[in-house]
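Chemist: Below, each chain spelled out in residue letters.
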Amino acid sequence: MIVRPRPGLLKLFFVMRGSIVPRIMPQIIGFGIYAAVVVGVIKALGLDFGNYGLAPFGLLGVTLSLYLGFRNNAAYDRWWEARKLWGQLVYDMRNLSRAALALVPADSGQARPLLMEALAFCHLLRGQLRNVDATAEARTFIGAEADTLSSVVNKPDAMVRRMGRRIGALKTSGAIEVMDFRILDERLASLAALEAGCERIAGTPLPFAYTLLLQRSAYIFCLLLPFGLAFSAGWATPLFTALIAYSFFGLDALSEELEDPFGTQANDLALDALCRVCEISVFEALGEAAPKMTAPKRYYYS
Amino acid sequence: MIVRPRPGLLKLFFVMRGSIVPRIMPQIIGFGIYAAVVVGVIKALGLDFGNYGLAPFGLLGVTLSLYLGFRNNAAYDRWWEARKLWGQLVYDMRNLSRAALALVPADSGQARPLLMEALAFCHLLRGQLRNVDATAEARTFIGAEADTLSSVVNKPDAMVRRMGRRIGALKTSGAIEVMDFRILDERLASLAALEAGCERIAGTPLPFAYTLLLQRSAYIFCLLLPFGLAFSAGWATPLFTALIAYSFFGLDALSEELEDPFGTQANDLALDALCRVCEISVFEALGEAAPKMTAPKRYYYS
Amino acid sequence: MIVRPRPGLLKLFFVMRGSIVPRIMPQIIGFGIYAAVVVGVIKALGLDFGNYGLAPFGLLGVTLSLYLGFRNNAAYDRWWEARKLWGQLVYDMRNLSRAALALVPADSGQARPLLMEALAFCHLLRGQLRNVDATAEARTFIGAEADTLSSVVNKPDAMVRRMGRRIGALKTSGAIEVMDFRILDERLASLAALEAGCERIAGTPLPFAYTLLLQRSAYIFCLLLPFGLAFSAGWATPLFTALIAYSFFGLDALSEELEDPFGTQANDLALDALCRVCEISVFEALGEAAPKMTAPKRYYYS
Amino acid sequence: MIVRPRPGLLKLFFVMRGSIVPRIMPQIIGFGIYAAVVVGVIKALGLDFGNYGLAPFGLLGVTLSLYLGFRNNAAYDRWWEARKLWGQLVYDMRNLSRAALALVPADSGQARPLLMEALAFCHLLRGQLRNVDATAEARTFIGAEADTLSSVVNKPDAMVRRMGRRIGALKTSGAIEVMDFRILDERLASLAALEAGCERIAGTPLPFAYTLLLQRSAYIFCLLLPFGLAFSAGWATPLFTALIAYSFFGLDALSEELEDPFGTQANDLALDALCRVCEISVFEALGEAAPKMTAPKRYYYS
Amino acid sequence: MIVRPRPGLLKLFFVMRGSIVPRIMPQIIGFGIYAAVVVGVIKALGLDFGNYGLAPFGLLGVTLSLYLGFRNNAAYDRWWEARKLWGQLVYDMRNLSRAALALVPADSGQARPLLMEALAFCHLLRGQLRNVDATAEARTFIGAEADTLSSVVNKPDAMVRRMGRRIGALKTSGAIEVMDFRILDERLASLAALEAGCERIAGTPLPFAYTLLLQRSAYIFCLLLPFGLAFSAGWATPLFTALIAYSFFGLDALSEELEDPFGTQANDLALDALCRVCEISVFEALGEAAPKMTAPKRYYYS
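Protein chains in written order, with the numbering used here: chain E, 242 to 543; chain F, 242 to 543; chain H, 242 to 543; chain A, 242 to 543; chain B, 242 to 543.
Isolated chain E (complex conformation) (with noise of 0.2 Å):
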């Protein structure tokens, strides 16, 4: 996630940091140096392609415009809802953290454990949807158990569940009444539905054939619209051209980026950032030395 003030107007146009042109680069000069060519033949033959005017792309215009709008909105809230769902994190892991330190007698030695599970919980969730092995982190909290795992199928699922068992004997032993049970469970039945909720998104894309529909739409658009504009618009139309694909594409790459909020291109979500939030949250809670907050570079939070 990129993190920084906006650009004055000098500044805008070099900042590539966080900006999708490096990634359509190919895109935006290929179409430019394709419809130089096309208006070079058309004028070097003598070619008359400019009576079939420019009507027939508006009408185009406004479908494609409505695919990636359309494409660009669920994007969006696949991201802003794995976001708030990461902020949901945050909270539960405060709320069990008071929850923990206020009904968990302090003989029983409990509370301490349980809130390293919920922090390892955090780590492997965020392993599991990078795709990368969260066990050494998780190691840190939860030492060498962290390591029969390895087994296991969904990482985090199994921390709820360990957590799950902790209270539960908790109740059996009677160290705790069923309604402080039922408030710790309840802390977990939300870990487990947000952890639910971050597979959903990071498990099921967009439909396939929207990406069909959409980019097979831009490229024909861009690839006929040299013809259209060579006519009217002379050697403005290699700008004009590179300008719009600019602008399809740019649009269309960021939605395919925000797509997928969990991984680590520059606008994805901020993962390691928020495991360490909810560390700094159960440090503070149990009393002990907080790490600090992580420093962005170069503005990019990880």
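Hints were generated in silico from the structure; no laboratory data involved.
Hints may contain errors.
[To be verified] Below 16 Å or equal to it, Euclidean Cα-Cα: the simulated EDC-like pairs (lysine to aspartate or glutamate) are:
| # | chain 1 | residue 1 | chain 2 | residue 2 |
| --- | --- | --- | --- | --- |
| 1 | A | Lys-325 | H | Glu-525 |
| 2 | B | Lys-412 | E | Glu-418 |
| 3 | E | Lys-412 | F | Glu-520 |
| 4 | A | Lys-325 | H | Asp-374 |
| 5 | E | Lys-325 | B | Glu-386 |
| 6 | F | Lys-533 | F | Glu-520 |
| 7 | A | Lys-412 | B | Glu-418 |
Chains F, H, A and B: place on chain E using the hints.
Modeler: Showing chains F, H, A and B alone in chain E's frame:
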């Protein structure tokens, strides 16, 4: 459901798996040929229809894109809501597993049968939504009891009732307290809620008048378009007519596919895979050998 | 509600069931004839109105489509929210059945009367929303008690109160515990909530000014359009005017139909069928013979 | 709130009740006259402004319709959310009635005063939202106690606190159990939540900059339009200018009306009628004579 | 936040308070002068750029308005969600007051300190969101305890924990029952949830790539526009260019302001006033003298 990396430019135009092009090929080709005939006749007879221009098509195009955009949004919302309901199923199964193992006394031997009934519920729900017989899968989990459901109208609902009777008996016998009952009952209520949500989506299509309004407008639009384009676009008319037919009927066909998200078409939801996710969660919670995740067939999850 | 397979191309233009064409035929034909007269007079008198062109219509068309799109979205949202509320009714009836049978002691004999009152609630709610007398259906379930409701303003609300008194008496008599009461009371609260939601939709139409704004704009637009089209489109003017009237008034009429989703028009909700779904759920839960699902009449569920 | 059947074609243009035309008549007539003057001057002086055409207006029109559409959606959402909150009020009153009669012991004599305070809450909330004095109505239900509220800033909030004290006293005296208290308290919390929601809508207008941006753009657009239209549309220019002013300022004025849904303008919410619905529900629940539903004055519910 | 009556026509163009015009004046004037220079040069050199027309700008304008519309909707949603969260704060404070006074025994003397901590929470949250030091305000309510927070990273979160410890101690000492604890704890959980929501909005800006995409497109559009307009609009070109720059950058600047709703700009939320509303509610509930509502400074609430 199709899950695959975005195809490169060369492949983009030849991907058929998940594309809606095969379904709308008749319209694309049909309108292309029709437009060619119109242009041919106009040129042969020296008719001059050109002067009524494209402006009225612009007006019609705005309303048509309004229809298309609305229908697409509504269909996608149904698809995504259906996915959320099945994500909730995953979450409910995990919560039910955790709750059953923590609350139902081990010596009652009731936790495992309860969870097996829950898995049968998943498959019976899938069967009902897809209009297929899921008795075989249900039998895997609940044995011959699955066959007693044959006379029941709503099989998944019957399964929830059976689970309700089981936890009711546990409460009556004093094996679980009233608060335990409440926690378990909330899970069953959640299963019943998501079943009713799925039935709502499966049983209530978008108002039929939208289909008529949209399709009629699109057909009339494409039938008249060649007369508007012939004069200015000449022999490029068939190309543009086919393209515009593609952009209209492509989104229309995709919307139709997403409108009923429980089917087995390429862009429908992967209910089989989601049932498997539930199985894995339950068997891992029970500490038993979990089945493997289903593998896609040519990028397609059924 | 119409449920039918999508008609083929040939049938598409002749389907009348569920279509809004019959309702807007006067506008389509009227504006067609009107446009023909305008063109005829212009040609006969050799007037030249052609030069004010179509551009102002483009500007007006954008705002008009803004109105149409907004109103359609708002109407559809009402329709879909109404369907969700009735889906919640189905879910509440099933949950109430399960809870009543699990919590109300069999020897009290109160579970069945409670569920019969719930079914009477469904029919009385349908009756109130459709402005029909549902006393006959209510009598099927609660006998002569149904007739005591004649003086009550809000019959379904009275039914919920009656159920509330029944479970209150069970609690007072000690037949059920306070937590049992709470679980049952939550179901009644849910019924009351969905009733209030339905009343809100039924009793609060979209602000009347939208109807005026939209209809006035559409009429003036179509009245002026032939003067704008006559010069460029000639005798095709009546065809385009009728088409544009179709696309405007078609969506307008459909929005009006969906705005009040509880009626009995072709695209309204199938309240009769949904009441039957509730009956089936309750009787199956009671282990009694369930009535058959209602059959559609020419694809139409009432 | 206006509730009336849709007017026929002839009546459509003469309905003033609920229409926003009277409020924007100055703009419509003003811009019509202005446009006529512009055309007259251009023709008299033989100026030729015609060649800068309408294209820039098309570009401006797209952004202007973006503003209009956004503001209308936001205003309508506020209006509909406000209606939902008052629908929740109806639902809460019914639930509170049912709960109070079931849970509060009859011999305590506290159920009726509690419900009377709830009715006073409805009227005091209405009074606060409409900036009118509702002490007279409150006095009907709670007698002289209503006058003790005169020094309180937030009267409905004080009412909820009074109800809270009443049920708190019941709990302290042992008349109700803690779970009974919780059920009743949840209703009070719901009343407090909807009050806060109403205050939010009433106290936070849409950001003022939107109004400025929209109105300035609309005025400048309409001031320049006649210069763009004069050449091509001639003496039809005043007609089109007035029409476009109507479509812009009409939606603007309606949005402004809906933005504050608690007023007493034609399209505002019928708070008087909704308070009456609450009264009917409570008195029917008490088994007392319920007041009659309010009758509309010329289709208008206050 | 600006709250003021809608200005009349004459005043409309001179209102600067709350307007975004001052912030985008450089762009408006800059592009006006730039366009004048372009027209001047074209006329002086007798260049003929006119024939590439405005059609490509129409295509670009559609995508640009797509970006603008999306960003504005997303920014407004953030602003409104932030307002809802602070509305929930008001509601939670009232509920907490009612619950504390009803449930916490008067002789424990704990209700008032709890509510004072809640008020400190409000101010500390405001301080954190606005990056200002709110220790002084917190000291008003909790005295020297406020200074012990200086080393804490997340001050409002620490406040909630402190309240949690207070009610935990009440439960441990037997002063309140477990259900009382649950009711109070639900309020604290709600405070924690809204804090996490505010942090999410404050800490996660819209993806940076949107800003780049939108601003770059808008600048390039306005830089090219005069070449497209010069031929047809002549010396009106600077006027139209400035107008279009106004409509683009005006919405862009407003979106940027709303995107971070917790600032102190004219259209940001009135957190000071909302904190005061909370104070009034708490002190009225305690029966103490409530502070006065804050008065706006020239229509502006800070």
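Chemist: None of the hints should be skipped; say for each whether it holds.
Modeler: Going through the hints against the structure:
{"no.": "1", "hint": "A:Lys-325 x H:Glu-525", "result": "35 Å, violated"}
{"no.": "2", "hint": "B:Lys-412 x E:Glu-418", "result": "12 Å, holds"}
{"no.": "3", "hint": "E:Lys-412 x F:Glu-520", "result": "28 Å, violated"}
{"no.": "4", "hint": "A:Lys-325 x H:Asp-374", "result": "27 Å, violated"}
{"no.": "5", "hint": "E:Lys-325 x B:Glu-386", "result": "33 Å, violated"}
{"no.": "6", "hint": "F:Lys-533 x F:Glu-520", "result": "9 Å, holds"}
{"no.": "7", "hint": "A:Lys-412 x B:Glu-418", "result": "12 Å, holds"}
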